[in-house]
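Colleague: Residue numbers (my numbering), protein chains in the order written: chain P, -5 to 95; chain S, -5 to 95; chain V, -5 to 95.
Hints may be right or wrong, so weigh each one.
Covered stretches of chain P (chain S as the covering partner; in silico rule of three or more C-beta atoms under 8 Å from a C-beta of chain S) [as the list claims (entries may be wrong)]:
id : segment
1  : 21 to 35
2  : 60 to 72
3  : 76 to 90
Mimicking SDA-like on lysine to any residue, the simulated pairs with C-alpha atoms at most 20 Å apart in a straight line are [claimed, not checked]:
id : chain 1 : residue 1 : chain 2 : residue 2
4  : V       : K94       : S       : H77
5  : V       : K26       : S       : G71
6  : S       : K94       : P       : T5
7  : V       : K94       : S       : G35
8  : P       : K26       : V       : Q36
9  : V       : K18       : V       : T5
10 : P       : K18       : P       : T5
11 : P       : K94       : V       : F69
12 : S       : K94       : P       : E85
13 : S       : K26       : P       : F75
14 : V       : K26       : V       : A65
15 : V       : K18       : V       : E55
16 : V       : K18       : S       : C33
17 : V       : K18       : V       : F75
18 : V       : K26       : S       : F75
19 : P       : K94       : V       : Q78
20 : S       : K26       : P       : H9
21 : S       : K94       : P       : G71
22 : S       : K94       : P       : Q36
23 : P       : K94       : V       : F75
Bear in mind the hints are in silico, worked out from the structure with no lab data behind them.
Even glycine gets a Cβ: it sits at the ideal position worked out from N, Cα and C.
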Amino acid sequence: MSSLTMVRRVTVVTHNRLEEMLVKEFARLGSKGYTAMDCRGQGEHELLQDAFSTATRVRLETIVQPDVADAIMAFLGQEQFAHQPIMACVETVEVPASMKC
Amino acid sequence: MSSLTMVRRVTVVTHNRLEEMLVKEFARLGSKGYTAMDCRGQGEHELLQDAFSTATRVRLETIVQPDVADAIMAFLGQEQFAHQPIMACVETVEVPASMKC
Amino acid sequence: MSSLTMVRRVTVVTHNRLEEMLVKEFARLGSKGYTAMDCRGQGEHELLQDAFSTATRVRLETIVQPDVADAIMAFLGQEQFAHQPIMACVETVEVPASMKC
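For reference, chain P alone in the conformation it holds in the complex (with noise of 0.2 Å):
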């Protein structure tokens, strides 16, 4: 029977403008991959900055060993990034321990 691991899922919501440099800190931090989707929707910094904006808006998720996440996290945490429009979130999650991630 297949076991599962524990590993960490971070999931960020942007402006598709940030979408490539945050892929790439993303694999620089040690992640080994990431799903991407087009949304839409609101969130404070739209409603001040992009009322007229018509910027596109990614989901960006990746899958990763928990120090790898705190990497990420605290790259997204940082100072430069509390103005952007730019919403994080992390949690634990378990995939089969026969997935590398």
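With chain P fixed as given, assemble chains S and V onto it according to the hints.
Modeller: Chains S and V alone, transformed into the frame defined by chain P:
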């Protein structure tokens, strides 16, 4: 280094005709933003009611304080939604302390 | 007021050629519904095998009872999937007691 704060992520999958009502209700209950993605799929209600429908599904997410999540889940748990094509769940996620939600 | 029930959410990201097979298998193992979203991204298998491929990725979700989640994860943890472009994870989520899954 960054510190993380525990908040709640509510996910709702429903027909797009309910999107506007739900997003307004989330805001009224204290949500400061949401993400929406078009999706497809099948649930019990679709099998029964919508075999020939072309209704579009939508997946909504909102990351909120625990008390706001409780209010949203209480709203979605009402009897009136038990017979609607709507699936909702909530889980704890961690966000950078610098991000407001 | 509503009460919440603990269930499990399985997420799978894979090539769309595997979608139909997986959705049928989920149903056979007891899942009562699923959500599918087209997405893009990159993983280790893509880097090695699909650099010039235009295959579409899909992200599948199904919210199920814990024993159904165990069966799905055991299915996905089989040796045959270790070399496929497939990522799967599972976590506990809470749903309104009035929603069946």
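Colleague: Hints first: check each against the structure and report whether it holds.
Modeller: Hints versus structure:
1. 21 to 35: As far as the segment 21 to 35 of chain P goes, the hint holds, because 5 residues have Cβ atoms under 8 Å from chain S.
2. 60 to 72: That given contact holds, which follows from 5 residues of the segment 60 to 72 of chain P lying within Cβ reach (below 8 Å) of chain S.
3. 76 to 90: Coverage by chain S holds for the segment 76 to 90 of chain P (7 residues, Cβ < 8 Å).
4. V/K94 / S/H77: 10 Å, holds
5. V/K26 / S/G71: 19 Å, holds
6. S/K94 / P/T5: Judged against 20 Å, a Cα distance of about 16 Å means the pair holds.
7. V/K94 / S/G35: 16 Å, holds
8. P/K26 / V/Q36: With Cα atoms ~8 Å apart, P/K26 and V/Q36 stay inside 20 Å; holds.
9. V/K18 / V/T5: 15 Å, holds
10. P/K18 / P/T5: 15 Å, holds
11. P/K94 / V/F69: Distance ~17 Å between P/K94 and V/F69 Cα, so the pair holds.
12. S/K94 / P/E85: Holds, because 17 Å separates the two Cα atoms, which is no more than 20 Å.
13. S/K26 / P/F75: 17 Å, holds
14. V/K26 / V/A65: 14 Å, holds
15. V/K18 / V/E55: 13 Å, holds
16. V/K18 / S/C33: 18 Å, holds
17. V/K18 / V/F75: Distance ~16 Å between V/K18 and V/F75 Cα, so the pair holds.
18. V/K26 / S/F75: Status holds; Cα separation ~17 Å.
19. P/K94 / V/Q78: 12 Å, holds
20. S/K26 / P/H9: Given that 20 Å is the threshold and the Cα spacing comes to 17 Å, the pair holds.
21. S/K94 / P/G71: Roughly 11 Å separates the two Cα atoms, so the pair holds.
22. S/K94 / P/Q36: 14 Å, holds
23. P/K94 / V/F75: 12 Å, holds
Comparing the model with each earlier hint shows no violations; every hint is respected.
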